[in-house]
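Could you build all of it, start to finish, from the sequences and the hints given here?
Number of protein chains: 2
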Amino acid sequence: MSANSGKHHVVIIGSGFGGLFAAKELGNEDVDVTLISRTSHHLFQPLLYQVATGILSEGDIAPTTRDILGRQRNVRVILGDVQHIDVEARTVSSTSLNQHTVTPYDSLIVAAGAGQSYFGNNHFARFAPGMKSIDDALELRGRIFGSFELAETSTDPEQRRRLLTFVVVGAGPTGVEMAGQIAELAQRTLAHEFRHIDPGEARVILLDGAPKVLPTFGDRLSDKARRSLEKQGVEVQLEAMVTDVDQYGIQVKDGDGGRRTIETMTKVWAAGVAGSPLGAMLAEQTDVEVDRAGRLHVEDDLTVPGHPEIFVVGDMINLKGYPGVAQLAIQGGRYAAKSILGRLEGTTDQAPFRYRDKGSMATISKYSAVASIGRINFTGFLAWLAWLAVHLMAMVGFKNRISTLLNWIITFVGDNRNERVSTFQQVFARTAMQDLGPSAYPNLADPGSDGEDELERNAS
Amino acid sequence: MSANSGKHHVVIIGSGFGGLFAAKELGNEDVDVTLISRTSHHLFQPLLYQVATGILSEGDIAPTTRDILGRQRNVRVILGDVQHIDVEARTVSSTSLNQHTVTPYDSLIVAAGAGQSYFGNNHFARFAPGMKSIDDALELRGRIFGSFELAETSTDPEQRRRLLTFVVVGAGPTGVEMAGQIAELAQRTLAHEFRHIDPGEARVILLDGAPKVLPTFGDRLSDKARRSLEKQGVEVQLEAMVTDVDQYGIQVKDGDGGRRTIETMTKVWAAGVAGSPLGAMLAEQTDVEVDRAGRLHVEDDLTVPGHPEIFVVGDMINLKGYPGVAQLAIQGGRYAAKSILGRLEGTTDQAPFRYRDKGSMATISKYSAVASIGRINFTGFLAWLAWLAVHLMAMVGFKNRISTLLNWIITFVGDNRNERVSTFQQVFARTAMQDLGPSAYPNLADPGSDGEDELERNAS
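If you read the protein sequences in the order shown, they are chains A and B.
The opening position of the first sequence corresponds to residue 1 in full-length UniProt numbering, with each subsequent residue numbered one higher.
The opening position of the second sequence corresponds to residue 1 in full-length UniProt numbering, with each subsequent residue numbered one higher.
Worth flagging that the hints you see were computed from the coordinates, not collected in a lab.
Keep in mind that this is a model prediction, so the values were computed, not measured.
There may be inaccurate statements among the hints.
Given that identical chains are not distinguished, each listed pair holds provided it fits within a single copy or across any two copies.
What the hints assert, rightly or not - Pairs of lysine to any residue, SDA-like flavour, derived with a Cα cap of 20 angstroms:
hint, residue 1, residue 2
1, 231, 188
2, 231, 203
3, 366, 408
4, 358, 123
5, 7, 293
6, 24, 195
7, 212, 241
8, 366, 389
9, 24, 192
10, 338, 305
11, 358, 334
12, 7, 195
13, 338, 409
14, 338, 117
15, 24, 193
See the structure below:
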C-alpha cells in the first residue's frame, strides 16, 4: 500500500472509540486508511479507574491498535502526535520523538478526544492528576498505594493525616467510581496489611460544585448513588467549588460562601473535559465555531462547515447537546466512515447524524451500581452485574476481555487486587517529586546522576 | 506490636526470594519481624523478561509484599531504601521519599540481592538497561515495541536499521530468554501489523565474552540451546566482549582481537551482577571480605565473621561457589530464620548451610527449553512444559499465578501478547530521551513545562 495507490485516502486522527470504530468500518473497503495516534493502544477509558485502583493491568484495557487492525490490509497505523492540520493543503503533520511525518488526505476524520479541563487553572494539573490516559491511571495508582506506604512509617501526625486523606473532584461516573474504590481499598482490601496505621481511618472525600452526584442520571438514581457512597464510607460534599490546589491540600468554597482547606496529598481531578487542541486548530482555518470547552459546532453530518471532507467525532463535538460518552464516539466514527464510503459509491442525501442514547451506568462499589436505560432505572446488585456485562462486551479485543474477567473474579470474589505494582518512575514520578521537593529523593531528582554528568561531558 | 514488646526483633532487608522466605519462616513465631524493602512488591525475577516482551503484566510477577505477609501478625512490612546499617548500635536507617526511619534489631538478615554490573563501565547503564527490576522491564518493553513503531515512520534507512537491530549482552538464562522472545516478536507476533517495515527483517544479536551460551548448563545443553536460538533467528556471537556503548551502537572486541561496531538503538544488558552496596557497607564495619562482584565471604552458617547476629543470604554471598540463583536465596533465607529461632529455643550446634542444587532450566522460545536436573538433561517441548510448571509453582501468590497461567495461554496458544502498553514515561523515559537528545521531545524534556515554571516561581 502506498500513498500513490490511487485510492481515496482517509486519514483518521485518534485511536479511541471514534477513531477505532471508523477504521474498522473502513477496513477491507476500497480505500486506503492511515490512523495516526499519540499512543500505540486503543484505550477503554471507562475502566481506567480500575487500573488506578489495582484491579486491572494496563494491558487489560488498552489493546494495541495495530494488533486490532492488523488484518485490515488497507489500514496503516502510525504512532504520532499531530502537530498541525493544513486544511488548505489537506495534510496532517505528526511527530514521534524526533521523526516528522506529513500525511496527505482526501478525507479526514478527527477523533482526538478530550483531555482533562481545569477550568483555566492549569497549575492544578501538577497536584491533581486527571483520569484520561494510562499514564494518569498508573501515576494515580502509585500515589494511592504509595500514600498508605508512606503513612505507615510517618512520624508526623499531620503528614500522616494528609497522606490518609484522599479527595476526588467531580461527581460524574468517573469520580463516583474512583471514590468508591478508594474507600473500598481503605475499608476492606488493605485492612490487614499495616501495623502502625489503620487504613480504615482514611478519609475519602468526593467534591462537586453541583448539588447532586451523577447529575445527568436523574434525581432518584442520583440520591441512591449518594446514599451508597456514604454507606461505603465516602464523604460527599456538594455545592463545593475548588478554588485552589497545592502540594498539601485543596481549597474549597462552599455554597454558603464559606471557604475552607482540606489537607490532602492525593487529589484526583475527574471534573471537566476540554476538547483536543486540534479543534481550535481547525477553527482557525475554517468557519467552524468552538465552544468554551474547546468543542466544535459541527454540521448535522459531523462535517466542518465548508469542508465536507473533514469529519469531527466524539468528545470533540458540540452537537444538539449530545453527551460526551463512548457511544457518541462509536456511532460518530461509524457514521463518518459510512458517509465517506457512500460518497465514493455515488450515494447522495446522507441522512443527518442522529445519536441513539443507549443509557448510562455507573458503579459505586462491589455489588452496587446505578443504571438508566431509556425509561428504566435500576440499582443494586442487578445493575452491577449489568454494568459488568455491558462493559465487558463493549471492550474491543478478545484476550484482554478474558483477562479483565479473570481480574474481576480475583477482585470481586477473592477481595484481592492483582495489579498494585508501581515503578519508581510512577511512585516518585515528576509530579510526586515536585510535590515533596527535589531534595526528597536526590537520586531520582537528577535522574541517573551519572547520566547527567555524561550529558554535560558529551556536550562540552 | 511495638518496638518495646520485649520480643526478639528480627529485621530483614529485602523482599526478594531471600527476604520473603525468611519472613514466612518467622511468621507467627515468637519474634517480632520488620521487613524493609525499596519496593512494595516481591519480585519473581525469572519472569521479568516476559514483562519486557509483552506477555505478562507487572502485577503477574510482583505481588505486594504486605499482602503476602498480611496474616503474619508479628511481621511488619515497611517501604524504605536502606541508607545505613550501624553494626555497633544494631540499627538500620532507611528513607522513603523525605521520611527517615531508624529500626533497631536484635538479629539482622540482609537479603538485598544484586543489581546489574557493567564491570566498571557504569555509563553503559544509560544506553543498555539491565533486567533486575520492574522499572527495567517496563522501560525495555517501551523501547522494544517503540522501536518497531518508530521504524514504521522513519524516512532514514540507517536509523531504521538501527531501530530494527536489537542486541542482548550476556548469554545466561536471562539473555537467552530475552533474545529468543524478541526474535519471536519480530518473526511471528508483529508480522502482520506493519505496512512500511517487515518486522521479520529485524536483527536480534546475542553477545557474550564466553565461548558458549548457557555456560553453566554443560556442553550438550549449551550446544542445543545455541542451535535453537539460531533456528529462532537469533545471531549468536560468542567470545565477543563489549568495550563501549552509546546512543546509536555497541562496540565489540572479538576473540581474534578484531574490533567492530554494531549499530543498534535497543541494547539489553543481561551480563553481570553486582552484590548490593550494603555488602560493602558491612565490610567496612566488620571483618567480612568482599569479592570483586561486591559479594561477601560469609561464614559456613551465613553469618558475618564476628557478628553471629547478622546473616547475609542470596545473591549477596560468595560461599563455596554456590550459584546466584533463586534457590540459593530461598534456602538461605529459611536457614537464617531457622537459626534465629533455634537459638531462641536454646538449640546449639546448628549444622552449616548446605545448598541443594535443584537444577537449572532456561527457555529458548515457544515449545523449546533446556533443563538440567541432577544428572538428567532434557530439551525441547517436554523441557518447556517442565519449565512452565516449575516456574508457575515457584511463584508466590495464588492470584498472580492464575493470571500468569491465563496470560501464557493467551500468548502461547493464541500467539498474542496482552501486555504491550507503555506509558509516555516509559517509551520516552529519561534514558530514551537522553539517547535521542532532549530536543527530540521538547514537552517531555522539560517535564510539564508549566510545572517547571511553577517550581521556579515558587522558589523565587
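So, going through the hints one by one against the coordinates:
1. With identical chains, the CA atoms of residue 231 and residue 188 are at most 20 angstroms apart within one copy only, with a shortest distance of 13 angstroms there and 51 angstroms across copies.
2. Taking CA atoms no more than 20 angstroms apart as the test, residue 231 paired with residue 203 passes inside one copy only; the shortest distance there is 13 angstroms, against 58 angstroms between copies.
3. Proximity of residue 366 to residue 408 under the C-alpha cut-off of 20 angstroms is restricted to the intra-copy arrangement: shortest distance 10 angstroms within a copy versus 29 angstroms between copies.
4. Proximity of residue 358 to residue 123 under the C-alpha cut-off of 20 angstroms is found in neither arrangement, the shortest distances being 36 angstroms within a copy and 57 angstroms between copies.
5. In the homo-oligomer, the alpha carbons of residue 7 and residue 293 never lie at most 20 angstroms apart, since the shortest distance is 36 angstroms inside one protomer and 62 angstroms across protomers.
6. With identical chains, the CA atoms of residue 24 and residue 195 are at most 20 angstroms apart between copies only, with a shortest distance of 17 angstroms across copies and 52 angstroms within one.
7. When the C-alpha separation of residue 212 and residue 241 is checked against a cutoff of 20 angstroms, the pair qualifies only within one copy, where the shortest distance is 13 angstroms, while the shortest distance between copies is 67 angstroms.
8. In the homo-oligomer, the alpha carbons of residue 366 and residue 389 lie at most 20 angstroms apart inside one protomer (14 angstroms), although the nearest pairing across protomers, at 34 angstroms, exceeds that limit.
9. Taking the closest pair of Cα atoms, residue 24 and residue 192 come within 20 angstroms of each other only across two copies (16 angstroms); inside a single copy the shortest separation is 47 angstroms, beyond that limit.
10. Taking CA atoms no more than 20 angstroms apart as the test, residue 338 paired with residue 305 passes inside one copy only; the shortest distance there is 19 angstroms, against 78 angstroms between copies.
11. Proximity of residue 358 and residue 334 under a CA criterion of 20 angstroms is satisfied intra-copy only: 16 angstroms inside one chain copy versus 58 angstroms between copies.
12. Only between protomers do residue 7 and residue 195 lie at most 20 angstroms apart by alpha-carbon distance; the minimum there is 16 angstroms, versus 66 angstroms within a single protomer.
13. In this assembly of identical chains, the alpha carbons of residue 338 and residue 409 never lie at most 20 angstroms apart, being 39 angstroms within a copy and 37 angstroms across copies at closest.
14. Proximity of residue 338 to residue 117 under the C-alpha cut-off of 20 angstroms is found in neither arrangement, the shortest distances being 32 angstroms within a copy and 57 angstroms between copies.
15. Proximity of residue 24 to residue 193 under the C-alpha cut-off of 20 angstroms is restricted to the inter-copy arrangement: shortest distance 15 angstroms between copies versus 46 angstroms within a copy.
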